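Chains as they are written, first to last, in this note's numbering: chain L, 1 to 388; chain V, 1 to 388.
The hints are simulated quantities; they were obtained by calculation from the structure and are not laboratory data.
Model, not experiment: these values are computed from the prediction.
Relax, there's no trap hidden among the hints.
Computed Cβ-Cβ distance ranges for the label pairs, DEER-style: (1) K226(L) / P274(V): 33 to 43 angstroms; (2) R133(V) / D158(L): 52 to 62 angstroms; (3) E355(L) / H155(V): 57 to 67 angstroms; (4) D230(L) / R200(V): 51 to 61 angstroms; (5) R351(L) / P302(V): 47 to 57 angstroms; (6) K312(L) / K264(V): 55 to 65 angstroms; (7) K226(V) / P302(L): 38 to 48 angstroms.
Which bits of chain L does chain V cover? Going by a derived footprint, with three or more residues having C-beta under 8 angstroms, they are: (8) 98 to 109; (9) 373 to 384.
C-beta: ideal position from N, C-alpha, C; glycine also.
Number of protein chains: 2
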Amino acid sequence: MARKVAVVAAGHSKFGKRYDATMRELCAEAYKPIYDAGVTQDKIDATVLSYAASQFTGQGAGSALMADYLGLQNKPHLRVESACTTGTASLRAAWGMVAAGLYDVMLVLGVEQMNRVSSAVATEYMSMAGDMRWEYPYGISFPAFYALMASRYMHKYDMPHEVLSRISVKSHHYGAQNPKAHLPREVTLEEANNAVPICRPLNLYDCSLITDGAAGVIIAAEKRVKEFTDQPMWIKGIGAGASAMMIQDRESLTSIPGAKRAAKAAYDMAGVGPKDLDMVQVHDCFSIAELIAYEDLGLAEPGKGRELIENKEVYHDGRIPVNCDGGLKSKGHPLGATGLSMTYEILKQMRGEAENQSRQIDDVKIGLAHNVGQSGQFVNVFIFERGW
Amino acid sequence: MARKVAVVAAGHSKFGKRYDATMRELCAEAYKPIYDAGVTQDKIDATVLSYAASQFTGQGAGSALMADYLGLQNKPHLRVESACTTGTASLRAAWGMVAAGLYDVMLVLGVEQMNRVSSAVATEYMSMAGDMRWEYPYGISFPAFYALMASRYMHKYDMPHEVLSRISVKSHHYGAQNPKAHLPREVTLEEANNAVPICRPLNLYDCSLITDGAAGVIIAAEKRVKEFTDQPMWIKGIGAGASAMMIQDRESLTSIPGAKRAAKAAYDMAGVGPKDLDMVQVHDCFSIAELIAYEDLGLAEPGKGRELIENKEVYHDGRIPVNCDGGLKSKGHPLGATGLSMTYEILKQMRGEAENQSRQIDDVKIGLAHNVGQSGQFVNVFIFERGW
Numbered sequence: 001m002a003r004k005v006a007v008v009a010a011g012h013s014k015f016g017k018r019y020d021a022t023m024r025e026l027c028a029e030a031y032k033p034i035y036d037a038g039v040t041q042d043k044i045d046a047t048v049l050s051y052a053a054s055q056f057t058g059q060g061a062g063s064a065l066m067a068d069y070l071g072l073q074n075k076p077h078l079r080v081e082s083a084c085t086t087g088t089a090s091l092r093a094a095w096g097m098v099a100a101g102l103y104d105v106m107l108v109l110g111v112e113q114m115n116r117v118s119s120a121v122a123t124e125y126m127s128m129a130g131d132m133r134w135e136y137p138y139g140i141s142f143p144a145f146y147a148l149m150a151s152r153y154m155h156k157y158d159m160p161h162e163v164l165s166r167i168s169v170k171s172h173h174y175g176a177q178n179p180k181a182h183l184p185r186e187v188t189l190e191e192a193n194n195a196v197p198i199c200r201p202l203n204l205y206d207c208s209l210i211t212d213g214a215a216g217v218i219i220a221a222e223k224r225v226k227e228f229t230d231q232p233m234w235i236k237g238i239g240a241g242a243s244a245m246m247i248q249d250r251e252s253l254t255s256i257p258g259a260k261r262a263a264k265a266a267y268d269m270a271g272v273g274p275k276d277l278d279m280v281q282v283h284d285c286f287s288i289a290e291l292i293a294y295e296d297l298g299l300a301e302p303g304k305g306r307e308l309i310e311n312k313e314v315y316h317d318g319r320i321p322v323n324c325d326g327g328l329k330s331k332g333h334p335l336g337a338t339g340l341s342m343t344y345e346i347l348k349q350m351r352g353e354a355e356n357q358s359r360q361i362d363d364v365k366i367g368l369a370h371n372v373g374q375s376g377q378f379v380n381v382f383i384f385e386r387g388w
Numbered sequence: 001m002a003r004k005v006a007v008v009a010a011g012h013s014k015f016g017k018r019y020d021a022t023m024r025e026l027c028a029e030a031y032k033p034i035y036d037a038g039v040t041q042d043k044i045d046a047t048v049l050s051y052a053a054s055q056f057t058g059q060g061a062g063s064a065l066m067a068d069y070l071g072l073q074n075k076p077h078l079r080v081e082s083a084c085t086t087g088t089a090s091l092r093a094a095w096g097m098v099a100a101g102l103y104d105v106m107l108v109l110g111v112e113q114m115n116r117v118s119s120a121v122a123t124e125y126m127s128m129a130g131d132m133r134w135e136y137p138y139g140i141s142f143p144a145f146y147a148l149m150a151s152r153y154m155h156k157y158d159m160p161h162e163v164l165s166r167i168s169v170k171s172h173h174y175g176a177q178n179p180k181a182h183l184p185r186e187v188t189l190e191e192a193n194n195a196v197p198i199c200r201p202l203n204l205y206d207c208s209l210i211t212d213g214a215a216g217v218i219i220a221a222e223k224r225v226k227e228f229t230d231q232p233m234w235i236k237g238i239g240a241g242a243s244a245m246m247i248q249d250r251e252s253l254t255s256i257p258g259a260k261r262a263a264k265a266a267y268d269m270a271g272v273g274p275k276d277l278d279m280v281q282v283h284d285c286f287s288i289a290e291l292i293a294y295e296d297l298g299l300a301e302p303g304k305g306r307e308l309i310e311n312k313e314v315y316h317d318g319r320i321p322v323n324c325d326g327g328l329k330s331k332g333h334p335l336g337a338t339g340l341s342m343t344y345e346i347l348k349q350m351r352g353e354a355e356n357q358s359r360q361i362d363d364v365k366i367g368l369a370h371n372v373g374q375s376g377q378f379v380n381v382f383i384f385e386r387g388w
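Given the sequences, and given the hints that come with them, work out the whole structure.
This is the structure in structure tokens:
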């Protein structure tokens, strides 16, 4: 009934501490390769231009600003704001407008500029996505939410912290090979085991980065796809799920209920299951979040996620490669850009365009992106299929 | 191709200085009549829950908070943020997801809580939707943007300020009859002419209100409409338009270019023209904005908008009634709620449910909502058709 929609182009800024660029300049850096690939402004009908937290720059309603700077000031635009899922929430909203026929070609772009303030202030700004009356005033921040989950998981399944360290080692192994990554260097298991504590049991290497950056994609209705590429990536499944606002109200602390609901919805819509996936990008805001994602997505049974990392099945040449771009841990996590950075990476892998063979996944036909907001209050899962 | 979508229920909180209610409680007040009309939580597939400015409460990513308080915490949600067009931008995004078949029934709700800070601080927060590098630091706020437009308009068409006062008199005439209005009292022409200046030529009665409130609607795909009502209001036309970020870059100061583009797109999609409209809700953030809207929507020729108000053609019993609920001026303007409050009012008028006959418009078949963001950077126009 709805029109088929494909991702036909994608762009990505360098992630990092980008003191050299303003928010609008980061957007332009992500749009530049899209423009160079032939998707000039005149071919774009409308846009969704998003960032997660206006606290960082003070800017409200910034889609007008971004549209203006990109030369798209006369095209309809809006901003979606959904914390760390802002990128995929933007893609979900844009998909609807294209699939329903309101627009044929849309630019969906996400950005965050987080390093104009100290990391302590940035952590505080992020915690304002918690309940401003019942969580924030009591001082709980995101490392603390995920430390609660990690503590519970480690207790329930009698798992040592070293399993989490192995996830960080993998992230940095692939981030080191990604020229867009914020922290592109290898980390040893010893370093990851012995790093400074942030919120026990999580240490420095269990936590993702505070990053500036932007990523964007062009989506097009089927009838327009061939104008742009002979290597489109179809949007096959979209699942969104949610969980209770407060962590104590959830059904579980060792899974994210909204992620399981989102995964089921996406699998159902796409008509595929976990075994059909050739690669996965998960929301590893903390190492424990990646482990839990393995299980929420059905890649492993509850409590068995550790086997995937211990047996290196989630490496690029393993059974189910996960985050072979460095993930939020090493590539970085500019909130509004993250979900679209995942989408960018899946398109790149499908096209065989990873920078070198030691991170290129072989023959990707189906990829999944898993993007989580806050401490799991909202989750978007997208399933993409190679179209050539 | 896309599925037909209708508004099947609507709810509205009391607008005003709501020191008695938090943001989430305002949401519940708007959802309550919807719930009472039979649209219980189990019937809602997903939500768009929005507010414009996180500065007012500090709350980021608040859709999770609102969903949780409404008992919708396990349903997919997102927040759209598009300054004063947040309400209709939310409706545009939700329409896509329903029309494309992702969800059958969605709650779209907008709220703003603006009075926990002084009006000076609220004005500053709103001006953060201007360019935070090139406008805000130089002190320009929204009254100033619209004062520039008013000055230019009055000069170009040699129009006295009294015409603008007549618009305020009309707004207050109808607001006085609306029990949901923030400032429900009549204003005389003399009062409106002689009020304290805010930013010349605009005075106190040319400016809309800083209001707390919420409004929401349920939209449903055609196949589900009959479950909810035999008085649906179909979404016939959706037009979004945009203008350059900075006012000096616009084609015109006496019209809002993005509004003209939005109106054309909505008329084209609906297959109707200005002469087919039975009622209109316009974004009268300032009196001059209502006058310009008459012309941007094609209700009057450029420079001739004054005739509509001088001849009382925009009164409830006139040729083309406009804002017979009091508009942003007297009913109030809680940013994120405003576009959905317009939608609520059109449904109410179609159903013949206005509070009394001195504001009830006769036999409304087609209504239009015109919702403007910032100083015109983005505009949404919706055209609705009575479905019974």
